[in-house]
Amino acid sequence: MNNKTGSIIKNLQALIKSPQMRIFLILIVAVFLMFTFLIPDFNYLKIQNLNNILTDSVIPAVFAFGMGIIIAGSGFDLSLGHIASMVALIVAYLMSGGIRLDPVSATLIGLLAAAGVGAVSGLLVSRMGISSFIVTLGMQFLIIGVRQIITKGQSVYISNETFKWLATSAFGVSNLVIILIIISVFCFLLMEKNIFGRKVQFIGSNIEASRFMGIDVKNITMLTFVLGAVLAGFGGVLFAARAGAVQINSVDSKLLDAITIAVFSNVIFGKYQSSGIVLVAILISMIGTGMSMMGIRTEWIDFMKGFILLFSIFLAKFMNQNTSITRISLFNTQKGAESYGHE
Amino acid sequence: MHNKFYKYLRPYGMPIGLVVLILLLQAIFYQVPLLSPLNIKHILLESVSIALAALGLSFIMMSGEGDLSFAGMFSLLTVIFATVANITNNFLVAYISVTALALFVNLSISALITKLKFSSFIVSIAVMFMANGIEKAFHQQTTLINNPAIVSFSTVEFGLPLIVWILLVVYVVCYLLINKTKFGFSLRIVGENKNAAIEAGINSNGMKISAYLIAGLLLALASSVESTRVGAIYEQGKFYMLPVFAACYLGSSMFNPGRINVFGTFVGLLFLATIEKFMNMINVESYLVAIVQGVILIVAVGLVAFKNREKIVQIKL
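Residue numbers (the numbering used here), protein chains in the order written: chain W, 1 to 343; chain D, 1 to 317.
Only chain W is shown next, with the shape it has when bound in the complex:
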């Protein structure tokens, strides 16, 4: 027991001492100080605001976990936002109107639907050898069609109080934050302390070598897509609980958050890292909250996120990171081995 605590502390020390983490912490402190002095009356420092920043970072972080797992296997999923919208709609629809299902089974059915969509994308990518970018672009439009059939274009309101409990707060901290902690611990154990996660990262770094090593490339690639879709679907559920109503395309734009956070974390830490994803999510939420407190319109925050995405690649260049994402090339349908991984 004592030995175990000791090793955890050692791990933490190594994490903080790593140069990437240092640069990142400097970045967070710089952003924090900037907004502290830019916003009058030190409003940025108030507990209420810090709490808001933390709560706002939860849903993007959950999406980014999904995207991060897929990117770790060198794939990409453009349909995550649409999957989340679909799940939120399904869950809201099952709990309202004539059906009135209980929240748990409604959520489970929604997540099952997400897993189905992820499995179809994964099958097409791993068995047919189609570029994941194309598969998920097509999937986006399939989902747009299907959800239009479900809702006929109307938004669904959620009246179930038990479901909304997900987004309420107890002891001053939102339940969402606790959920994020649970999910990040789960992803940490799965991706960094488990043989499955190792295999995914191995496939991401060199697919051919992993096949020669006897790794079941096809099934593991498919599983990453299923996992990513389920996590994104769960993000959609959290969004529905927080907003109390689901519009047909309300969660689509979360794709931007997912890509920005996952890519930023991937390039700065050089590999999949759960703590990195949480920290980047908090950083982006800090920037977003700070900008809106300065009176900048929310539309510019979207622009800012796109800019951060571009900036993160500069950072990777500056830090000499060479991860799967900095050389990802998804447009070639024909070129196998040379399309990525071999310069």
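If you are wondering where the hints come from, they were derived from the structure by calculation, not from laboratory data.
In this text the structure is predicted, and so the values were computed from the model without any measurement.
Ideal Cβ placement from N, Cα and C applies to all residues, glycine included.
Worth double-checking, as some hints may not be accurate.
[To be verified] The calculated DSBU-like cross-link candidates involving lysine-lysine, where the alpha carbons are at most 30 Å apart (straight line), are:
1. W:Lys-152 x D:Lys-277
2. D:Lys-117 x W:Lys-271
3. D:Lys-180 x D:Lys-4
4. W:Lys-218 x D:Lys-194
5. D:Lys-194 x W:Lys-271
6. D:Lys-115 x W:Lys-317
[What the hints assert, rightly or not] Far from chain W, some chain D residues (derived; all Cβ distances over 10 Å):
7. Ile-28
8. Pro-37
9. Ile-96
10. Lys-136
11. Val-173
12. Ile-233
13. Asn-280
14. Ala-290
Chain W is already provided as a structure; the job is to place chain D on it using the hints.
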């Protein structure tokens, strides 16, 4: 003998199949005037802007890179065109400003990709999100052009509408440029085999940059056409992303299987436009159009992958 014939016919299997499919649709739904001359004119007219954008993307993909930024840039450029045209009442000023912006953005993207070796996927997706953000900040509704003289750009007809003539001329010029000039050969070599390009002394960075610049020119033209024809619609570019990619990949499955080619893009695009028009004419709900487009994209790329399955060394993610 039979084998030889099959080999000769094989590149044309896909386009012939598509034409037969359209003819079958017309035969089954004979009360719908799908292939009447007037309707064909409408199909051409409605697909001009997508066709120009798809041609630009074909250039980029032939050089071995890719681009998503047009999905954001397209609607941003239409807004700018409409706004400038309404302020100055001058077609040329609006067109030049749009072209300058498109060239500048594509030049920056290609500089990042070639000089700093960034992934074109990430750079262009970032640019797409940034363009969406700018568009959202300035403009969230449809802008129409008030000046009838400018709108007449898309309504003037000489047998066919002027913009359809422009489209055809641009496609012929690009076809000749790609297939008959030294520039076209160099561009395709760069996309095909990077090492061969270096050995042949081709400036591959320059080729990629010029591909992006040509795409910028075509995108500016596409957005001007769109702006004069239907006005600047908020976030329209997002819905063009799929048809444009589908046209390119569908095109890569015919004539020169496995490679993006100009004529293939054109035929693929016409097929998509005809199917969409057909579904509109038999009053199918709009969501089915989205589903069918998604399926066509996946099936087209899946066919290419399936045909060349012996060549596939590994899964391409």
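For each hint, the structure was consulted:
| no. | hint | verdict |
| --- | --- | --- |
| 1 | W:Lys-152 x D:Lys-277 | holds, 22 Å |
| 2 | D:Lys-117 x W:Lys-271 | holds, 19 Å |
| 3 | D:Lys-180 x D:Lys-4 | holds, 27 Å |
| 4 | W:Lys-218 x D:Lys-194 | holds, 29 Å |
| 5 | D:Lys-194 x W:Lys-271 | holds, 28 Å |
| 6 | D:Lys-115 x W:Lys-317 | holds, 12 Å |
| 7 | Ile-28 | holds, 22 Å |
| 8 | Pro-37 | holds, 31 Å |
| 9 | Ile-96 | holds, 25 Å |
| 10 | Lys-136 | violated, 4 Å |
| 11 | Val-173 | holds, 24 Å |
| 12 | Ile-233 | holds, 16 Å |
| 13 | Asn-280 | holds, 15 Å |
| 14 | Ala-290 | violated, 4 Å |
The earlier numbered hints that this structure contradicts are 10 and 14.
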